[in-house]
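Student: With the hints as your guide, set chain Z onto chain H.
2 protein chains.
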Amino acid sequence: MPPVQYELIKECPRTKARAGILHTPHGSFETPIFMPVGTQATVKTMTPEEVRELGAGIILSNTYHLYLRPGSELVRQAGGLHRFMNWPHGILTDSGGYQVFSLGPLRKITEEGVQFKSHIDGSTHFFTPEKSMQIQMDLGADIAMAFDECPPYPAEFEYAKRSLEMTTRWAKRCQAAHTREDQALFGITQGGMHADLRRESARQLVDLDFPGYGIGGLSVGEPKPLMYEMLDVTVPELPKNKARYLMGVGSPDCLLEGVARGVDMFDCVLPTRVARNGLAFTTHGKVVIRNAEYARDFERLDPECDCYTCRNYSRAYLRHLYKAEEILVYRLLTIHNLHVLLNLMRNIRQAILEDRFVEYKKAFLDKYGQENHS
Amino acid sequence: MPPVQYELIKECPRTKARAGILHTPHGSFETPIFMPVGTQATVKTMTPEEVRELGAGIILSNTYHLYLRPGSELVRQAGGLHRFMNWPHGILTDSGGYQVFSLGPLRKITEEGVQFKSHIDGSTHFFTPEKSMQIQMDLGADIAMAFDECPPYPAEFEYAKRSLEMTTRWAKRCQAAHTREDQALFGITQGGMHADLRRESARQLVDLDFPGYGIGGLSVGEPKPLMYEMLDVTVPELPKNKARYLMGVGSPDCLLEGVARGVDMFDCVLPTRVARNGLAFTTHGKVVIRNAEYARDFERLDPECDCYTCRNYSRAYLRHLYKAEEILVYRLLTIHNLHVLLNLMRNIRQAILEDRFVEYKKAFLDKYGQENHS
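Just so you know, the sequences run in chain order H and Z. In terms of this note's numbering, the first sequence opens at residue 1 and continues consecutively. In terms of this note's numbering, the second sequence opens at residue 1 and continues consecutively.
No lab work stands behind these hints, which were simulated from the structure alone. There's no promise every hint is true.
Copies of one chain are not kept apart here, so a pair can be met inside one copy or by any two copies together.
[As the list claims (entries may be wrong)] Derived lysine-lysine pairs resembling DSSO-like cross-links, with alpha carbons at most 30 Å apart:
#, residue 1, residue 2
1, Lys131, Lys10
2, Lys286, Lys44
3, Lys44, Lys323
4, Lys44, Lys131
5, Lys117, Lys362
6, Lys367, Lys286
7, Lys323, Lys108
8, Lys117, Lys10
9, Lys117, Lys323
10, Lys362, Lys323
11, Lys131, Lys323
12, Lys10, Lys224
Small disclaimer: the values here were computed from a predicted structure and weren't measured.
For reference, chain H alone in the conformation it holds in the complex:
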């Protein structure tokens, strides 16, 4: 039996939304779930205890970054990533495929793998499916991801087709190379923005019988409705008894739309990254804390939020810290943004369990405001 199992608890009768439990070697976590990103073995600005206290069960960490620094072999020596970073709960590592894709002109793709240059020192490296597996086995996350090729947006049909086929071949090589029994290996479906290719990729990956599936190559610059369309054609191909993970998605509206289409897992740097740029999600939309209008605004960031930040600090204080470039503000906004998303996921799950997901989704989006840009 694979070390990670998805248990379906409840389906929404009117959408594809579902509530479940993801069982991993480091705990069982309620889904749908949002996974905060800890790129370099730390969720930026936060201690692991704080991340856990906000309700996060699984975090994502990055194969590409940890391979370059401090090196996956060092992490293995340290007793694995859980111990190295003091996070005894769930961890998922991406495969490095997306980061290498993001390097653009710094990388070169062949059937064997991808050659790329380090963003840190320009040194040349070569990732193959086998190499990605070795690194991820060294890191020792609960869930490893297959090494995929993520086509850019927009990508021609022919390119996206070749890419999905190579991704399938690479997925097989990943399965052959992956030998760690306390770690699950998830496949990643691709197919660009072409419905036929999305279906084809999903079918090929499902044939390989992974214990869970990432949906890759979305949130790469396409309009949101197009992303939703791709989800609409992909998710029905995936087995009901396995987790579905929409990679790199994390704005409140996309989380709701993803859940409605049957997604169980999400990750995104958005809540932590924008926090460091002084931007907060609130129930009434976004707040840019440096704005002069908040200079003497002694109210809380979000009147309806009960996170640590909102309970204890005013917008005026947060603005002061931001203008003064004080580290505390990056912490406080990160806490708030993660709370908003993790709390949203809890509320979504509760709504699914109580057969009122559709109403909850509508009420949330009416207040928050739709965002149709990607």
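Tutor: Coordinates of chain Z only, in the frame set by chain H:
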């Protein structure tokens, strides 16, 4: 009765060290005490709860910085500094005198006050004793400090003499201008590195009957033995029933030497500032965490320390975070360094109470290593 009272509990029979309690409107705090610095209304990288949990009772915040940003009037509107920054315990504000002194060529001193240019935007400002009082009353700390003139090191006898006399005249103006009854105003003694002037300044200030005394103009670049000499001549002039505060001093060895000479209160940016530069105090001296020797060192930062950082993270992890410029490392090293100093003060107090301060001091310094540079 002044709102801040010093209660003497126990004197060391062999040195001038003493244990006491400082009673303030926001709590009573055991002395000798180290006050972490929260320059811009935040102890850098830390939440107030974390600072308190480490054992800090009083923090210092800066008049000069808060006057420039966000403005003391705004802090008053927010309900005062305690509320603005979510710190319900003791606060002491400096007078701005030292910061203005530090600006060097950006300032011009007259009998009336000091004209200076902002380090933020170059705008021109004028601080007088009355202005410093107004700002500090707006901020609403438990303890305000008199506006003084801090001579540079080295300073000629004549300069230091004129400076101490002006500081006394300014101290009287501060007393006249200070009207807030829930806030104590401490005087600051000066006198450069001249024993006679140190005594003279202390006597003049004592005549003005402040409820507590800062010892200013030390730790400005002079050798440590010279600073200790100045303490030796200053402290005996100060009344036993009032707190003595050595300003801007915070290395472990200086804290021990200061306490031995009768000092009750200290503040310093050192533990928090050096933390952000990757430097940790340990019981065996300093550790520069970026050093390559720690890359695969999976031991704790200080084997004898039980702070949060030492309990949960290895040197290898801290080094990784530092190399990756992750904010968490600044937090973890700040926690550790503050713990070391606050724990040192607790141990010092306990040793005084148990008549073994001299032995404790020797044992600590033998292990830590003397630092004779300033």
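Student: Hints numbered earlier in the text: which of these fail when held up against the supplied structure?
Tutor: 1, 5, 8 and 10
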